[in-house]
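**Q** Residue numbers (the numbering used here), protein chains in the order written: chain A, 4 to 99; chain B, 15 to 573.
A hint or two may mislead.
Claimed, not checked - Selected chain A positions facing chain B (Cβ under 7 Å, derived; list incomplete): (1) Arg11; (2) Phe16; (3) Lys45; (4) Glu47; (5) Val49; (6) Leu50; (7) Gln54; (8) Ile59; (9) Val61; (10) Ala64; (11) Gly79.
Derived from the structure by calculation, the hints contain no laboratory data. All C-beta atoms in this analysis are idealised placements derived from N, C-alpha and C, irrespective of residue type, glycine included.
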Amino acid sequence: MNAGRITRRAAPFVQRLLAAVLGGYLLASAWVVFCGALSTPKAEAVLVGMQFSFAIHVAAAIWAFSPVALSRMWLGIVVPSAMLAVAAFVLMHWRG
Amino acid sequence: MSDQHEKSAKSTVNGAGSGGFRQAHAWLHTWCGLWFSWLLFAVFLTGTLAVFEDPITHWMTPEHHAEEAAEHSKPQPVASLSQRLAWGVDYMREHHLTASMWELWPADAQGAGELRVFWFDANKQYAAAQLSTADGKPIEVSKAPPVRGTQGGHHFVTFHYELHAGTVGLWIVGIAALAMLVALVSGVITHRRIFKDFFTFRPRKGQRSWLDAHNVVAVLTLPFQFMIAYTGLAISALTFMPAGVVAHYGVQNADRERFSTELNEPGKPAVSGQFMAVPELESFVLRGQQLMGQPVRAVVIDHPGDASARIGVYGWNDEESTLRRIGPNSGMAMFSAATGEVLQVRQPGGADGGTATLAQSVMGGLHMVRFGGWALQWLYFICGLMGAVMMATGAILFMVKRRHKHLGEFGSATVRVYRLIEGLNVAAIAGLTLACVGYLWGNRLVPLGIAHRGDWELGVFFALWALSLVHALCRPPRSAWKEQLAALALLCLLLPVLNAITTGAFLFSQMLHGDWESAGVEMVVVATGLLALAALRWQSGLAVSRAPATNRVPTEVNP
Numbered sequence: 004m005n006a007g008r009i010t011r012r013a014a015p016f017v018q019r020l021l022a023a024v025l026g027g028y029l030l031a032s033a034w035v036v037f038c039g040a041l042s043t044p045k046a047e048a049v050l051v052g053m054q055f056s057f058a059i060h061v062a063a064a065i066w067a068f069s070p071v072a073l074s075r076m077w078l079g080i081v082v083p084s085a086m087l088a089v090a091a092f093v094l095m096h097w098r099g
Numbered sequence: 015m016s017d018q019h020e021k022s023a024k025s026t027v028n029g030a031g032s033g034g035f036r037q038a039h040a041w042l043h044t045w046c047g048l049w050f051s052w053l054l055f056a057v058f059l060t061g062t063l064a065v066f067e068d069p070i071t072h073w074m075t076p077e078h079h080a081e082e083a084a085e086h087s088k089p090q091p092v093a094s095l096s097q098r099l100a101w102g103v104d105y106m107r108e109h110h111l112t113a114s115m116w117e118l119w120p121a122d123a124q125g126a127g128e129l130r131v132f133w134f135d136a137n138k139q140y141a142a143a144q145l146s147t148a149d150g151k152p153i154e155v156s157k158a159p160p161v162r163g164t165q166g167g168h169h170f171v172t173f174h175y176e177l178h179a180g181t182v183g184l185w186i187v188g189i190a191a192l193a194m195l196v197a198l199v200s201g202v203i204t205h206r207r208i209f210k211d212f213f214t215f216r217p218r219k220g221q222r223s224w225l226d227a228h229n230v231v232a233v234l235t236l237p238f239q240f241m242i243a244y245t246g247l248a249i250s251a252l253t254f255m256p257a258g259v260v261a262h263y264g265v266q267n268a269d270r271e272r273f274s275t276e277l278n279e280p281g282k283p284a285v286s287g288q289f290m291a292v293p294e295l296e297s298f299v300l301r302g303q304q305l306m307g308q309p310v311r312a313v314v315i316d317h318p319g320d321a322s323a324r325i326g327v328y329g330w331n332d333e334e335s336t337l338r339r340i341g342p343n344s345g346m347a348m349f350s351a352a353t354g355e356v357l358q359v360r361q362p363g364g365a366d367g368g369t370a371t372l373a374q375s376v377m378g379g380l381h382m383v384r385f386g387g388w389a390l391q392w393l394y395f396i397c398g399l400m401g402a403v404m405m406a407t408g409a410i411l412f413m414v415k416r417r418h419k420h421l422g423e424f425g426s427a428t429v430r431v432y433r434l435i436e437g438l439n440v441a442a443i444a445g446l447t448l449a450c451v452g453y454l455w456g457n458r459l460v461p462l463g464i465a466h467r468g469d470w471e472l473g474v475f476f477a478l479w480a481l482s483l484v485h486a487l488c489r490p491p492r493s494a495w496k497e498q499l500a501a502l503a504l505l506c507l508l509l510p511v512l513n514a515i516t517t518g519a520f521l522f523s524q525m526l527h528g529d530w531e532s533a534g535v536e537m538v539v540v541a542t543g544l545l546a547l548a549a550l551r552w553q554s555g556l557a558v559s560r561a562p563a564t565n566r567v568p569t570e571v572n573p
């Protein structure tokens, strides 16, 4: 087994691992920021977000290792993260 | 967990996200479970012991037994509450006038006991003094370390959430807890016959029995396992998930303080700069006691000497209240010192702030089982052990499966990796249990009065664990299991003898004196020894009756 073959075989696995660990964490973080922007009082909303964030990270990790194509798997992590982040940004600036 | 398990675990990396939905998650369950099982077993076993932190500490400080007994009967010199409060304020005025916070602990719930004062010193550090209840003068509290310096049962508390490694350890345990949630969810997905398997146990069927045991303990205690892992994460949410606070408040310490002030004390007044003497406290305390319905435990004065000063009166939770309420907070009433107006009232079991804060405090209460008394502590103890058994059976099942048939997951390195996993299984399961009992041996054998004695006891714990790993990697797996189980049985069964020799207290005399905390610790240890012995005999029986022996290993993991 040469190095090239091992890398090729491991690449999808590494992608899924990255999506589960880093992608899941980013999604959960975006969720917490969004919660803080969405509702008042802000501190309470941030705390609620943190309390649910671990469930979101776990769901993302389960999704990352589900049998779907890699591209779709990434979309499932990146799109909701981006939407939450953009929504949080808009809300924060709209509210001032 | 199902037959698909076998096929889907074909390779460490190839199985990721392939096959059917259940197959893909069987793969995830196998590997996520395996790599975290050793650490999680350690977290669960020590976390389970942490439930009985106090009895273990009691056993580990035998010098205090007589003292504790005497304290209960000793009549206390009793000064009235108003006298105690006045002495506290006099002392603070005289010695710590400029402190930004004063805290008086005037008496115990019966109005007797010690009088203590606390404050923030010039470096914003918490400082303390004890005052005499006869004349209000400061008492020189002996700075000499206790005879038997020890962390006691608290070692298990600290280890189970940060491995004695501070923030780094906290993160490691946090990542493991998240991995555990992933393994639980993927385990449930894999498990198509969850209710049928609930009633299935096929003993003496080798691999099947291991699988059944793994399923039975996991399914039976599934809600507990989810709850304990999730609340464990939520308690340290501020460390693990800082993004919200960073985005909305900032990265500085002051920003975090602003967040927690907003969360817990929305109406905290700013310092006015106008001088105002601290008023006489008794009337505030009496009103506070009435508002929250509890005797006073502490009086906290923010910004003493300023016109913006606030006076917080905190209550004592009595035994009945901690039995019934999951929220661990006592009652509290907060007053403006200038106007006497009520700023905030917290009923016992409630929380400052809103629903999320209450949920946070209840999650902490759920995790640390400060409610429900002995019955619930034993329930947590048993469920925690079942969690540890779940990790152990899972890790052993992985290897039992592969002893007959190499699955070649690691290519040419498979044999070596299997060997490593076998060794880690022995050291993580038998070795850690051995180290926990060894810690109790260390408490009796490390010489009294040496410097950093508590650290030496920890040294015994870690040294035994490291030794067990070296031993497990040097010896063939079956011998390693047998020898470590034998050592475990020996240490457990001889602990009461060691205690009798070193302190003169026999197990039966402890029972006769009604010292059930000490007797309980020793009886659980002896029971563990007996189980280790039974496991050892069972394994030897297997080795004789079947050749070639399949090296089945008992999962006995009681502490």
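**Q** Now, for every hint given, state plainly whether the structure supports it.
**A** Now for the hints, and whether the structure bears them out:
1. Arg11: Interface hint status for arginine 11 (chain A): violated (10 Å vs cutoff 7 Å).
2. Phe16: Result: holds, 4 Å to nearest chain B Cβ.
3. Lys45: 6 Å, holds
4. Glu47: 5 Å, holds
5. Val49: Since the shortest Cβ distance to chain B is 4 Å, the answer is holds.
6. Leu50: 4 Å, holds
7. Gln54: 6 Å, holds
8. Ile59: 10 Å, violated
9. Val61: Result: holds, 5 Å to nearest chain B Cβ.
10. Ala64: 5 Å, holds
11. Gly79: For glycine 79 (chain A), the interface hint is violated, since the closest Cβ of chain B sits about 12 Å away, which is over 7 Å.
Of the numbered hints listed earlier, those contradicted by the structure are 1, 8 and 11.
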